[in-house]
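Residue numbers (my numbering), protein chains in the order written: chain A, 1 to 196; chain B, 1001 to 1196.
It cannot be assumed that every hint is accurate.
What the hints assert, rightly or not - Short derived list, chain A residues pointing at chain B, Cβ under 10 Å:
1. Y9
2. F11
3. D29
4. E34
5. N35
6. M46
7. E52
8. L72
9. V150
10. T151
11. L166
12. F168
13. K175
To be verified - So these bits of chain A aren't anywhere near chain B, every CB distance computed over 12 Å:
14. R17
15. A44
16. G78
17. Q159
Simulated from the structure, these hints should not be mistaken for lab results.
Where is the CB? At the ideal position from N, CA and C, for every residue including glycine.
Protein chains: 2
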Amino acid sequence: MAQRLYDQYRFLLEIDRLKTVLRQNVLTDQSRRENSAEHSWHLAVMALCLEEYAEPGINLFAVTKLLLLHDLVEIDAGDAFVHTPAEEKSQREREIAAAQRIFALLPADQGAAFQQLWTEFESGNSPEARFARVIDKVQPLLLIEATGAVTWRKHGTTQAQILRKLKFIAEDAPKLWPRIQRVIADAVATGALISD
Amino acid sequence: MAQRLYDQYRFLLEIDRLKTVLRQNVLTDQSRRENSAEHSWHLAVMALCLEEYAEPGINLFAVTKLLLLHDLVEIDAGDAFVHTPAEEKSQREREIAAAQRIFALLPADQGAAFQQLWTEFESGNSPEARFARVIDKVQPLLLIEATGAVTWRKHGTTQAQILRKLKFIAEDAPKLWPRIQRVIADAVATGALISD
């Protein structure tokens, strides 16, 4: 077999491991925690459904690619539930190293293109990356809302922590913001989210 | 909240259930069976990587959408491991009913568009649908190859059953066919696949 196809297969086999990376959120039926591969699928379908809440003229295929690929680094770096700047810096370093290792499995042209997509998502400096980052935060809230915010309750999460992470949505996808505000308010009202 | 966004959220919540639909194949680490949501993600990334083996001029975004959506019917119909024409007919009827129910959760315009994509995938009558159907068969073989064909061994699958399902790949993506032939030959050689 040609080396090129061999390398593509090696990458495609390696990324199977994303299915074993567990996130903090649980599925709507609360049977288990969500993994990062099925989460990425949910994000991509969500982007297809919610395109109309993005900036006009956005390239939806680019958004989809960003969402399908952005969590691959968790194969090495795990899914972090980080709240402090020091934790964020350390996690960030692990993710950069992971991107370099994983995308290097591909033929050089494809690896470079995927690396660029990952960097674009992380930087958030395109309309597509901004919308992808909105979707990446809206999907967990769907599960939070459906499960009585069991994840926030378990972790002793505070309203300030959540607002710090989510407030950019008010600007980047303002039509999606009211429901997010309501999810947060409901969680505070039931004591699932600590008011601070 | 506007009814439109409410309906979109209802659909996005409903499809979370695809994460609990189990397929026959196991993950490469053999820790558990694969579910249909993470499978759909793997397919979409695979299409991004293997575009060059499709017919020239293909619309890769269309392929990606077909792959992200085509398994949603399994929420109602399950993932079938069918080998007889009667089983196939019955499964097909369940899937048609499932598509009607699930896509009807969306606003009418989006539901119709998704239904059309599902029908396109099933019919296989576009270059995009043909390539999507190739990818949908190549991904399981990646897991079969990585796990010593444990799934075929467990089910007493025969070479003829597999060839009947896969032989279209020789025509639709001929460059991918040699490795598939090798996986089948290796499985026959080790007794994981029954030679008939």
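Hints, verified against the model:
Given the 10 Å rule on beta carbons, the hint for A:Y9 holds: about 7 Å separates it from the nearest Cβ of chain B. The restraint placing A:F11 at the interface with chain B holds, with a minimum CB-CB distance near 7 Å, inside the 10 Å limit. For A:D29, the interface hint holds, the least distance from its beta-carbon to any beta-carbon of chain B being 7 Å, beneath 10 Å. Taking 10 Å as the C-beta contact cut-off toward chain B, the hint placing A:E34 at the interface holds, the least distance being around 7 Å.
Hint status for A:N35: holds, given a least beta-carbon distance of 7 Å to chain B, under 10 Å. Interface restraint check for A:M46: the shortest CB-CB distance to chain B comes to about 6 Å, inside 10 Å, so the restraint holds. For the restraint placing A:E52 at the interface with chain B, the shortest Cβ-Cβ distance is roughly 8 Å, inside the 10 Å limit, so the hint holds. The closest approach between the C-beta of A:L72 and any C-beta of chain B is roughly 8 Å, which is under the 10 Å cut-off, so the hint is satisfied.
Taking 10 Å as the C-beta cut-off, the interface hint given for A:V150 is violated, the closest approach to chain B being about 14 Å. A least Cβ separation of about 14 Å between A:T151 and chain B goes past the 10 Å threshold, and the interface hint is therefore violated. At about 16 Å, the closest approach between the beta carbon of A:L166 and any beta carbon in chain B exceeds 10 Å, and the interface hint on this residue is violated. Annotation: A:F168 was flagged as interfacial toward chain B, and the flag is violated, the nearest CB pair being 19 Å apart, outside 10 Å.
Below 10 Å, beta-carbon pairs count as interface contacts, and A:K175 has one with chain B at about 7 Å; its hint therefore holds. Against the 12 Å criterion, A:R17 falls within the reach of chain B, whose nearest CB is about 7 Å from its own CB. Annotated as non-interface, A:A44 brings its C-beta within 12 Å of a C-beta of chain B; the closest such distance is 5 Å. Look at A:G78: its CB is around 16 Å from the nearest CB on chain B, clear of 12 Å, so calling it non-interface holds up.
Its beta-carbon lying about 21 Å from the closest one in chain B, A:Q159 satisfies the requirement of being farther than 12 Å from that chain.
Of the numbered hints given earlier, the model fails hints 9, 10, 11, 12, 14, 15; all others are met.
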